[in-house]
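**Q** If you're matching them up, the sequences are chains C and R in order.
Heads up: the first sequence begins at 1 in our numbering, then just goes up one per residue.
Heads up: the second sequence begins at 265 in our numbering, then just goes up one per residue.
Think of the hints as simulated: they come from the structure by calculation, not from any bench.
Errors might be hidden in some of the hints.
[What the hints assert, rightly or not] Here are some chain C residues pointing at chain R (derived, C-beta under 7 Å): (1) VAL18; (2) LEU69; (3) PRO90.
[Said to hold, decoys possible] Derived DEER-like restraints, expressed as beta-carbon distance ranges: (4) LEU251/C x ALA474/R: 40 to 48 Å; (5) SER68/C x ALA474/R: 28 to 36 Å; (6) ASN38/C x ALA407/R: 28 to 36 Å.
Ideal Cβ positions, reconstructed from N, Cα and C, are used throughout, including at glycine.
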Amino acid sequence: MILLEADRIGVALAGRRVVHGVSLRAAAGQLLALLGPNGAGKTTLLAALAGLRPFHGSVRFQGRSLASLSRREKARALAYLPQGQTVHWPLTVRRLVELGRLPHLAPWQPPAATDRLAVESALQRAGIAELAERPFDTLSGGERARTLLARVLAVEAPLVLADEPVASLDPYHQLRVMELLRDYADGGAAVIVVLHDLTLAARFCDELLLLREGVLVARGSAESVLSAHHLAGAYRVTALRGEHEGQRYVLPWRRQTAKRDESP
Amino acid sequence: MIPAPADDIRRYRRINAALAALLAGLTVAGLLLGSLPMSPWQTLANLVGGDERLAVIVLEIRLPRVLLSLLVGASLGLSGAALQGLLRNPLAEPGILGVSASAGLGAVLALYFGLAQIATWALPVCALLGALLATLILALLAARDSSPLSLILAGVAVSSLAVALTSLALNLAPNPLALSEMVLWLLGSLRDRGLSDVALAAPFMAVGWALLLSAGRELDALTLGEDAARSLGVGLGWLRTRVIGGTALTVGAATAVTGSVGFVGLIAPHLLRPWLGYQPGRVLLPGALAGAALLAAADLAVRLLPTRQELMLGVVTALLGVPFFVHLLLRARRTLS
């Protein structure tokens with residue numbers, strides 16, 4: 001089942017076109033990686049898909065136009081994790097995760113048993129149940145990232161858009177977060193995740209989308225998207241590649257010195 | 265032991281109940297204590313015994329004063345808590361939007377042009393008009409972009425303009441008496457206010473309170489930043505409109521009847537925030553109750569202190585507030601560095 005269908009998305013920020021005619025689809029059960037160098041427009045595209053930036057083109061959620069959904073419907077359909085998110089008050093982990101239930105609550109309605117269950121389950125899945133009563137400002141970087149991810153999981157949305165959820169995490173927690181997102185997708189959701197780690201993308205994601213200067217330059221399996229040609233074109237690097245335990249890894253190794261693809 | 269989630273709901277209720285009890289105590293004290301050399305017990309006994317002169321003093325002098333201190337204090341505390349949540353800045357306070365300075369300007373103009381002598385309601389009405397005008401200018405200036413910074417800067421601009429025009433009015437004051445009248449009014453006081461002032465301010469405040477109290481959940485969501493809050497279904501424009509509108513109504517009405525009273529809106533939410541898990545929505549109601557308690561206590565102190573001339577309420581709250589503000593600044597600097 002196709003959950004998200006974006007057709008020729010174009011986004012301009014402050015008059016400058018940052019994303020040009022990107023089309024993509026995400027089906028239930030799919031984990032998609034959005035790749036590309038800094039400034040390629042990944043974050044902008046993700047925010048546009050979440051309905052947070054004005055864009056050209058159309059985004060349809062389960063066949064319905066995003067614009068036709070009410071704010072609450074949209075919030076229940078789609079959970080969004082911004083990049084490098086800050087938390088402005090030192091709420092406890094549980095309180096922050098509970099904010100994910102907001103789209104399910106009427107204005108003065110207190111959280112019901114289903115909401116508490118969703119929060120509990122998100123805390124468990126993110127592995128932070130034992131931190132539930134700790135204030136956010138006492139957490140380590142990894143614990144903070146998992147708390148914010150748990151907040152997104154607590155929405156229990158069929159579509160999750162996560163912008164660099166593994167940035168600033170140690171290797172153990174990077175793997176852990178990727179497993180978590182993989183599990184969430186396997187549970188029947190569509191997940192689109194912005195990544196810089198090519199190996200994590202190759203190993204955990206069903207489909208990779210490579211963005212360069214706002215244009216979708218490649219899309220498909222890890223094998224086709226992470227080819228030497230694409231890595232050179234988009235990232236200007238050459239990479240070591242190989243296989244271990246039947247899974248592909250890609251390790252950026254050398255910067256390209258040749259100027260063939262660069263504009264002056 | 266780790267508290268269960270239900271524990272902090274109980275704690276929230278207990279804090280509100282304790283504050284409500286404190287308010288009840290301050291109200292009774294405000295009615296029974298005063299400049300008459302009479303103990304509270306004696307006052308109570310005489311009232312029950314049918315002392316009509318005393319009844320007039322209590323009902324017509326002390327009652328409006330106590331009521332106004334509660335209403336104004338609650339307005340300042342509530343709008344301070346809501347603004348701190350909206351701007352995600354612990355140093356925000358109702359004055360930051362320039363609404364109180366503009367209400368002050370309206371009142372000073374009413375005194376300057378002698379309107380206040382023609383009709384007693386002219387001064388508060390002019391003050392309310394000043395607050396309304398400031399809100400409109402603020403909305404125009406801040407409408408184009410949604411960041412807290414642009415709202416704060418717009419507030420600074422509105423506030424500076426109002427202060428400059430107020431100074432101009434003082435500068436050109438027709439005579440020393442008018443000048444002292446304007447200056448004293450600006451300092452803020454609850455002296456010689458009547459039930460008509462309560463009746464004038466209360467409706468505006470009630471509407472403003474409703475707007476502010478309805479924003480709790482959305483302010484909670486804003487803890488996660490604007491994009492995350494919007495992705496949770498928060499309409500930022502509508503939220504901002506309600507908080508600014510609510511602040512304009514409550515603080516405009518408060519300034520219209522008491523003059524400017526600073527720092528209560530800054531301090532009241534802060535005193536309680538650590539006990540309420542820093543959740544912005546949870547700070548609203550207790551912030552209002554604490555603001556009311558602070559102002560009622562300050563006004564009681566003003567009335568009972570044996571000074572040669574009664575101290576102005578705004579002077580007292582500022583004197584108490586500044587050390588607290590400095591303490592906050594130092595603490596903020598520690599956490600930032």
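**Q** None of the hints should be skipped; say for each whether it holds.
**A** Status of the hints after comparison with the structure:
With 7 Å as the threshold, the beta carbon of VAL18/C stays out of range of chain R, its nearest partner Cβ sitting at about 16 Å, so the hint is violated. Because the smallest distance between the Cβ of LEU69/C and any Cβ of chain R comes to about 10 Å, over 7 Å, the interface hint for this residue is violated. Hint status for PRO90/C: holds, given a least beta-carbon distance of 5 Å to chain R, under 7 Å. A C-beta distance of roughly 60 Å is found between LEU251/C and ALA474/R, which places it outside the suggested range of 40 to 48 Å.
Distance hint for SER68/C and ALA474/R: a CB-CB separation of about 31 Å, consistent with the stated range 28 to 36 Å. Look at ASN38/C against ALA407/R: about 33 Å separates their beta carbons, and that is inside 28 to 36 Å.
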